[in-house]
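Residue strings, one per chain:
Protein chains: 2
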Amino acid sequence: MRIHKTVGSERNLILRARLDNGLRKLLTHSSPSLEKLYDAMTYGVFEPGKCLRPLLAYSACEAMGGQFDAADGVACAVELMHAYSLIHDDLPALDDALVRRGKPALHVAYGESAALIAGDALQALAFESLAQPSAVSAGIRLQMLAVMARAAGPAGLAGGQFLDMALAGTRPTLEQVAEMQRLKTGALIEASVVMGAMAGGATVETNRFVALRKYAEQIGRAFQVRDDILDVVGDRVALGKAVHADQHADKSTAVSSLGLEGARHYARQLLLGALTALDAFGPEADALRQLAHVVVERDL
Amino acid sequence: MRIHKTVGSERNLILRARLDNGLRKLLTHSSPSLEKLYDAMTYGVFEPGKCLRPLLAYSACEAMGGQFDAADGVACAVELMHAYSLIHDDLPALDDALVRRGKPALHVAYGESAALIAGDALQALAFESLAQPSAVSAGIRLQMLAVMARAAGPAGLAGGQFLDMALAGTRPTLEQVAEMQRLKTGALIEASVVMGAMAGGATVETNRFVALRKYAEQIGRAFQVRDDILDVVGDRVALGKAVHADQHADKSTAVSSLGLEGARHYARQLLLGALTALDAFGPEADALRQLAHVVVERDL
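The listed protein sequences correspond, in order, to chains H and W.
Going by the numbering used here, the first sequence opens with residue 66, and the numbers climb by one from there.
Going by the numbering used here, the second sequence opens with residue 66, and the numbers climb by one from there.
Derived by calculation from the structure, the hints in this document are not laboratory data.
A hint or two may mislead.
One copy or two, either will do: identical chains are not told apart, so a pair holds if it fits within one copy or between any two.
To be verified - With a straight-line cut-off of 20 angstroms between C-alpha atoms, the simulated EDC-like cross-links for lysine to aspartate or glutamate are:
no., residue 1, residue 2
1, K101, E177
2, K168, D364
3, K168, D104
4, K101, E240
5, K101, E244
6, K101, D292
7, K168, E362
8, K168, E282
9, K101, D344
10, K115, D85
Note that the structure is a prediction, hence the values are computed from the model and not measured.
Can you build the whole structure from these sequences, using the hints too?
Here is the structure:
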C-alpha cells in the first residue's frame with residue numbers, strides 16, 4: 066500500500082483548521098440572550114475528538130478529484146450531527162454518561178435541559194451547513210441533504226439509538242447487533258464518505274461511487290467493533306469516557322457476541338474489505354486508506 | 066373581508082387528507098425491529114391537532130397561485146417539526162407535561178428515552194420531507210431547506226426553547242418575552258408561510274413575498290399571545306393539556322407582562338396587522354385571512 070504524500074499530520078492540521086473555521090462561523094450567535102446556548106453547543110462540538118467523519122468527507126472528496134472547499138459544508142455537517150448524537154446519547158434518559166472526551170458531559174456541565182436543547186439545535190445546524198451557498202450545485206446539495214436526512218433519521222442514527230436502547234438487557238443475536246451498529250454508527254460514517262464523494266463530483270451509482278460506499282460500510286462496522294473492544298480493554302484516561310460503561314449497562318456489543326479475539330479478527334476482516342474496495346483508486350485514495358487503518362488500530 | 070369559496074371545512078378536510086397521506090408515507094418503517102420507534106413517532110404526530118402550520122403552508126402556496134401538491138413536502142415538514150418540538154418540550158427535563166392533545170404525553174406513553182429519540186428522529190424526517198423529489202425545482206427546495214434549518218435551529222425554535230427555559234423564574238421584560246415567542250413559536254409559523262409561498266412560486270423579496278412574511282410575523286406573535294391567554298382562562302378538557310402549567314412554573318407570558326385585557330388587546334392588534342399585510346391580495350388569500358382569525362379566536 067502506497068501512502069500519498071499529502072497524507073499525514075500536516076494535512077490533518079490543515080483540514081482541522083478548515084473545519085474549525087467553518088464550525089466557528091456556524092456557531093456565531095446573533096443575539097446576546099442566546100450566548101449561553103451557543104456556549105453549550107460550542108462546548109459539545111469543540112473538543113479534541115478524532116474528527117473522523119469530517120476527515121472522511123474531505124478524503125472522499127479528494128479521492129474523486131475534488132477540491133477541499135467543495136467539502137467544507139459536508140465536513141461541518143457531519144461533525145455537528147455527530148456532536149448532537151453524543152450529547153443526546155449521554156443524557157440521563159439514555160446512557161447517563163458523566164464524562165465525554167475527557168471532560169464532564171454537556172448535561173453535567175450545563176444541565177440536562179440545556180444539553181437536550183443544544184443537541185436539538187446542533188442537529189438543525191448540521192442541515193443548515195449543507196443548505197448554505199457553496200461551489201457545489203443546488204441539485205447535488207439537495208441530494209446530499211437527502212442522504213444526511215436519511216442517515217440521521219429513524220432509518221439511521223436515531224433508529225440505531227433506539228435499537229441500542231431496546232436491546233439493552235437482552236442477549237442480542239449477531240444480526241441484531243449488526244443492525245444496531247449499522248444504523249447508530251455506520252449510517253453517519255457512510256454518509257460522510259458518500260456526501261464527500263458527491264462534493265468531489267462523484268455521480269451516484271458509478272463504479273467509483275459504489276466502491277466508496279462499500280469502503281464506508283466496512284469501516285463503519287469496523288469502527289463500532291473497535292469501540293466495543295476498547296470498552297473492554299481500553300484505558301479510561303485515554304478514552305476520555307467511562308470504560309466498561311456498555312458492559313455494565315448490559316448492552317449489546319460485538320465482544321459480547323463474538324468474544325474478544327473473535328471481535329479483533331472481525332475488525333481485521335473489515336479493514337481488509339475496506340482496502341479492497343479501494344483497489345480501483347490510485348494514490349488519490351491514500352488518505353482514505355490511512356483512515357481505515359486509524360479506525361481499526363486506534364486506542365481511543 | 067370576502068371569504069373565498071374554497072375556504073371552509075370541506076377544504077380543510079381535503080388538505081388534512083393530503084397531509085395525512087404524506088405523513089403516513091414518511092412514517093412507514095423499513096425494518097420490523099424499528100416498528101416501536103415508528104409507533105412512538107406516529108403517536109406524537111397523528112393526533113387531532115389544529116394542523117395550523119400545514120394549513121398555512123398550503124394556503125400561502127395557494128395565495129401565490131400554486132397548486133397544493135407543490136406544498137405537500139412543506140406541509141409534512143412543518144407538522145413533523147412541530148410534533149418533535151412538542152415531544153421534547155413535554156420531557157421531564159423541560160416542561161414535564163403529562164398530557165398533550167388530550168392524551169398522555171409521549172414520554173408518559175412510551176417512556177422518556179423513546180420520546181427523546183422519537184423527537185430526534187422526527188426532526189430529521191422533517192428535513193427528509195423537504196429533500197424528497199417534488200414538482201418544485203432543486204434550487205427552490207434548497208432555499209426552503211435553508212429556511213427550515215434556520216427556523217429550527219439556535220436562532221429559531223431551539224433558541225426559543227432555550228430562552229423559555231432561561232426566563233423561567235425571572236420577571237422578564239416585554240422585549241424578552243417577545244424575543245422568546247418570536248423564536249419558539251413565530252419562527253416555525255413564519256417558515257410555514259414562507260416555504261409555502263416559495264412552493265407556490267413566490268420569488269424572495271418581491272412585494273408579495275414580503276407581505277406574506279409580514280402576515281406570518283403578526284400571526285406568529287398572535288398565536289403565542291392567544292396561547293398565553295388560554296393558559297389562564299382555558300378549559301382544560303378542551304385544551305387537552307394542563308391549564309396554568311406555564312403559570313405554575315412561573316414562566317414568562319404575555320399575560321404576566323401585559324395583564325389579561327392587555328394581552329387580548331395586543332392579540333387583536335396583531336390580527337389587524339396580519340389582515341392589513343394581505344391588502345394587496347384578492348380572494349386567493351382568503352384562506353390565510355381565515356387562518357388569522359382562527360389563530361386569534363381559537364379556544365384550544
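Verification of the hints:
In this assembly of identical chains, the alpha carbons of K101 and E177 lie at most 20 angstroms apart only when taken from the same copy (14 angstroms versus 25 angstroms across copies). Taking the shortest alpha-carbon separations for K168 and D364, only the intra-copy value of 18 angstroms comes in at or below 20 angstroms, while the best inter-copy value is 48 angstroms. Taking CA atoms no more than 20 angstroms apart as the test, K168 paired with D104 passes inside one copy only; the shortest distance there is 15 angstroms, against 36 angstroms between copies. Taking the closest pair of Cα atoms, K101 and E240 come within 20 angstroms of each other only across two copies (18 angstroms); inside a single copy the shortest separation is 43 angstroms, beyond that limit.
For a Cα distance limit of 20 angstroms, the shortest separation of K101 from E244 across copies, 15 angstroms, qualifies, whereas the shortest one inside one copy, 37 angstroms, does not. For the identical chains of this complex, K101 and D292 are neighbours neither inside a copy (32 angstroms) nor across copies (27 angstroms), given an alpha-carbon limit of 20 angstroms. For a Cα distance limit of 20 angstroms, the shortest separation of K168 from E362 qualifies neither inside one copy, at 24 angstroms, nor across copies, at 51 angstroms. For a Cα distance limit of 20 angstroms, the shortest separation of K168 from E282 qualifies neither inside one copy, at 31 angstroms, nor across copies, at 42 angstroms.
With identical chains, the CA atoms of K101 and D344 are never at most 20 angstroms apart, being 48 angstroms at best within one copy and 41 angstroms at best between copies. With identical chains, the CA atoms of K115 and D85 are at most 20 angstroms apart within one copy only, with a shortest distance of 13 angstroms there and 42 angstroms across copies.
Hint check: violations occur at hints 6, 7, 8, 9; the rest are consistent with the structure.
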